[in-house]
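Dock chain B against the given chain A, drawing on the hints supplied.
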Amino acid sequence: MCEMEEKRTEKVKRKTVIKAEGLCREYVKISRGEEKAGSIKVLRGLSFSVKEREFVGIMGKSGCGKTTLLKTLGLIDKPTKGELYFWGKDTKKLWDDELSDIRRRKIGFVFQDFYLMDSLSVSENIMLPMVLDKKDARECMEKGKEYAEAFGIAHLMNKHPYELSGGEKQRVAISRALINQPGLILADEPTGNLDSKSGKTVVDALTRINGRMKKTIIMVTHDPQVASRCKRILFLKDGVILDDLRKKGSTEEFYGEILERMKDL
Amino acid sequence: MKRKEKKQPGRKIMLRQVITSFMFYGVNFIILFFPWIVIGENRYNLIRLALEMRKSGLETLIAGTEVYAYADNISALQAGIFAELAVYGVFFLLSVLHLLSMLRGKDGRCHIGALAAAVLGFYVHMAGYTILDISTDQDIGIAALGMILLFCAIEFAAVKIMGIWEETKQISAEYHEKEREEKEEKQRRIAFAGRYNELFYRFVWKNFKSNWRDYILLFLCSSMVFAFLIIGFGLQKLLAVNNRYVGMDQVFGGLNIILMNAVIPVGIMSVIITVILVFYYLRCRAKNYGIFLTLGMRKKTLWYFAAMEFVSLFFFTLIAGGLAGTGVMLLFSLKSQTLTGQHMEWSSAGVSPYVKSVLALCLMFLVSFMAARDIFVDFNMGRSTELKAVREKMPGRWRKVFFVLGLSFIVYSIYSYRQLYNFENVKLLAVLSVGIFLVLRCGIAQWFMKESRQDSYLKKLLIHNQIFHKSKTNTGYIFGMVMIQFFALFYFTFQAVSVEIAEEADTLYPYDIVCAAGDQDDDIFKELREKYDIRMQVYPMVRITNFDSTEKTEGMYGDIPPVQGQHIGISESTYHSLKAALDRSYSARPLHLDDKGERIYIVHQQDKSVKAQPLDFFASRKEALLHIGQPCSIGVADAGWSRRKDVGYYFKTIEGEEIGVLTGAFRQGLRDNLVVFSDVYFEEAREFWKTRDIYTGEPIPEEEEKIEGVNIRQGPTKLVLISAGSADVSAMTEDLKEFKKRHKEEESYDASVSCLNTKPQAVLDLRTERLMKTALNLLVMIVSFLIYFVFLNVKMATEADLTAKRTEFLTCMGMRRKERKALVRNELLRYYYLFPTGAAAALALLFTAAVFLARQYTRADILHYIRAAVPVWAVSLLSVGILVVIRVTVYIRRAEEKNV
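First to last, the protein sequences are chains A and B.
Reading the first sequence from the start, the letters are residues 1 to 265 in the numbering used here.
Reading the second sequence from the start, the letters are residues 1 to 900 in the numbering used here.
In case anyone wonders, no lab produced these hints; they're calculated from the structure.
All values reported here derive from a predicted model rather than from experimental measurement.
C-beta: ideal position from N, C-alpha, C; glycine also.
Keep in mind that a hint or two might mislead.
To be verified - With a straight-line cut-off of 25 angstroms between C-alpha atoms, the simulated DSS-like cross-links for lysine-lysine are: (1) Lys744/B - Lys718/B; (2) Lys183/B - Lys92/A; (3) Lys237/A - Lys81/A; (4) Lys183/B - Lys106/A; (5) Lys450/B - Lys472/B; (6) Lys299/B - Lys93/A.
To be verified - Pairwise CB distance ranges, derived in the manner of DEER restraints: (7) Ile40/A - Arg391/B: 13 to 23 angstroms; (8) Val434/B - Lys200/A: 57 to 67 angstroms; (9) Val240/A - Glu185/B: 30 to 40 angstroms; (10) Ile40/A - Lys206/B: 32 to 42 angstroms.
Chain A on its own, in the form it takes in the complex (with noise of 0.2 angstroms):
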């Protein structure tokens, strides 16, 4: 009883990372350089809310606007209708620069692709947040070598991107990902061009990330497996949000639910 309690004070004391009020992404038809008339609503007025310390999953079929959804929370794209508060605060209201700091400080990007730079080693990528943050440069990378201990990539930090097999490019970018310590991690499909085994082992870094780094989590994925470690599933369609799925029960039970629930996308 006084456990339950005590979840249900931390629960009201948790702050909300995101909230999404009939949030709208259109891109305008271009054809030889003259808008068309019409546009494609990729999304359709979602409302929703992330608190912190949550790991959310979006699943949805290819072209649903998952990846959009991404880049729209992650500032990247801005929305074309509706309002987007990130830490309570107006995204529309932020000035450009502003943008940049929450993306660098506030917001660490996990991509299936990897998106590192090929010209620079393992460890000043893993750095270069930190770098553009204008942080010392000892302090750099004496966390740059702390977070690639702890993903354990210390001993690739002298090689390049080009030199690593997926699961290790992977490795680097959740490093990248988290040495600002933002609050919030947003993946997208982070395991879609890895194996079984090294997909495995993003996800269960992933996982402590949220468990014992306390950090909020929301992940674009196919994968079902994957999105059962997750603690909330939102399912898109078309560009609206199907179903808020949250887990109750065992990760295998959810996966379950999963898996009942994807028939209907």
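Only chain B this time, still in chain A's reference frame:
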């Protein structure tokens, strides 16, 4: 409390305003009552003058003084003085009212009235029939009234400024407050100040270095372009400064244009390469730029580093290209004596070639950035896609229409190029290039679309896939290659080879001395005939002027009339006599000219290496707008009305024309062509000068208004052709100095239209011109092929990674080494050598045939040309072919080596 605080400075300002007004108007009152009006021995102020005038009258007042003006109209003078006094009376009243209103603390507007009265008073005073005219000392009066006006203006401005001072201060304070708030908000909302650590600069440098090879390629190409620009502009300037046709740069022709014709197309091709390269470079950089931005680098910072890359590229280009261009020009300067017959110092060109080149380079980069504008929209943020690997769109459903349009452009350009009156216009080559681009872009797309629907599609999938996938870029390469080789095979080859088939100097200058003389020169020629053993022929002539001898379009001139050309008008009989004099077998044939002079026959006196050109470039060019006599001042608008209004210039129908020489090709078809009239009309034309104004060309209606030497003048009337021994020519030229002197005025409009032409000088000029033409065009032809080769290399260098990947893929798919090599070889040779070369050669043949027609080449000329051109074509195509095959082989070997 706050209101009180605000009011306090207002009062202070009011007080200052009152003091200022009293100060300035006080001085004005002193001046007003100061006796500044000096009449003889007496001095008056305005009031005293008014009283004196009322009391004893103006005449009494000025009696005995030295004031005589307007003595015949004393009442008007009196009225003027009273009017002036009245104005100053009003001024005084307004001034007093203004001061009173100021004392009452009101923002009166009376000082505006007072200022207006002061302006009016000063104007009236200066206008005449005023105090000024009765003053013995006018200066003191002007000074006094001027000071009143000045003080009024200062007072007005000072009071106004004081009035708005407070407001301005408040606005300024608000602005600073807002600025401070914004700064504070910025500090509050935006993170970090300070500097990036050394790692950041290392990362930026490494990122830049990752595209080092592309950067170097871009640098080399842009340096080459910059060097070309300097050479082009430098040569233009150098020759304009040094050659004989000084000041004639509006007119095409001469060494200047030979050089420009050669350098401009090469320059354009180089620019195309550079634009493609800049575009490619930006696409390569987009991914890394995108990563930086996604990870939170500010756009401003990224722009800064991107700008730094291009600024450094720009400066390196300026240094390397500048050095190369200057080096070539110094070499040219060193060898100019041998090449052109005169020494040309590079320093005489000044800095303008460099300035123009830098501006052109800036423009080129600007065009490239505009072409790559999509990349700058979001720098590919959040996408790790390699933009250079992304499929390019095919033209849409209008491609068939554009294909037909392109074909029409090509046909039109060829058809028009064969017309003499289109003067082998470079604009037609621009139309051709647009046509080729449309045909290639839409034709290739149509071809692939059709192929993709056929069963044979899969068979050709591998070889066509690259062009299909990157259709835009590859069409760009093919287009560039076609155009470069077309210019090399047609344009430059024709310029160089046509010199080979051009007539010998003796044919071009059948007479040693050619003079356009008048009746007054008979004594000089009589003396020559007695002194030397010469053969002299004299024919009647009139000077003919054409309205426009420039290639510029009519709208370009504005109010400035174009440069007019001068030619020789002769009768049909003279034409036949001249023909017979050079060709004994000649039998006269009628030219079908009319007695009214509406139809003319033209002999373009130029050699076969000079481009076909009309006599007159105005309006349609199918008719010539001509005037009998020397050039007159006539604008474009009047020339346009010449069909409805008699402006002295008339449109003549060209009944026939030939390219050939009867008196001498001294101006190579630009001037001194022969205009043939019927015998009847020619007699009428000889009297034309008696009725026309020499300046306007319009008819002078009254007989008594025609004054010879003032508004009518007879120009040259006799065409004197002298054949003599070479030793006598120089002696005769000395003797003809007096003749030259007499006709100096006739040469004042255009020094290149000389009344005296001698063969030795013409032969010397011709030799220089031909040497330059051949050497330069052959050189540029070689450079064109080299540029083609560079183009091919750029394509291969930028696609080396993709080719290596493809080779790896094909290896994995089980394709044999030999087949892989054949695939890449066939693709490169077929689509980037054989096809562009074949298309360029076909177009070159068509255009060569068009020029044969335009220049009226005979069958013998054509055969002669082909005999001279075929070896040039064969050698150049073969050497380029060998080079291409070698380069492609090396390229394939390297791709295979990477695969291993």
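Verification of the supplied hints:
no. : hint                                    : result
1   : Lys744/B - Lys718/B                     : holds, 16 angstroms
2   : Lys183/B - Lys92/A                      : holds, 20 angstroms
3   : Lys237/A - Lys81/A                      : holds, 19 angstroms
4   : Lys183/B - Lys106/A                     : holds, 23 angstroms
5   : Lys450/B - Lys472/B                     : holds, 18 angstroms
6   : Lys299/B - Lys93/A                      : holds, 18 angstroms
7   : Ile40/A - Arg391/B: 13 to 23 angstroms  : holds, 19 angstroms
8   : Val434/B - Lys200/A: 57 to 67 angstroms : holds, 59 angstroms
9   : Val240/A - Glu185/B: 30 to 40 angstroms : holds, 37 angstroms
10  : Ile40/A - Lys206/B: 32 to 42 angstroms  : holds, 38 angstroms
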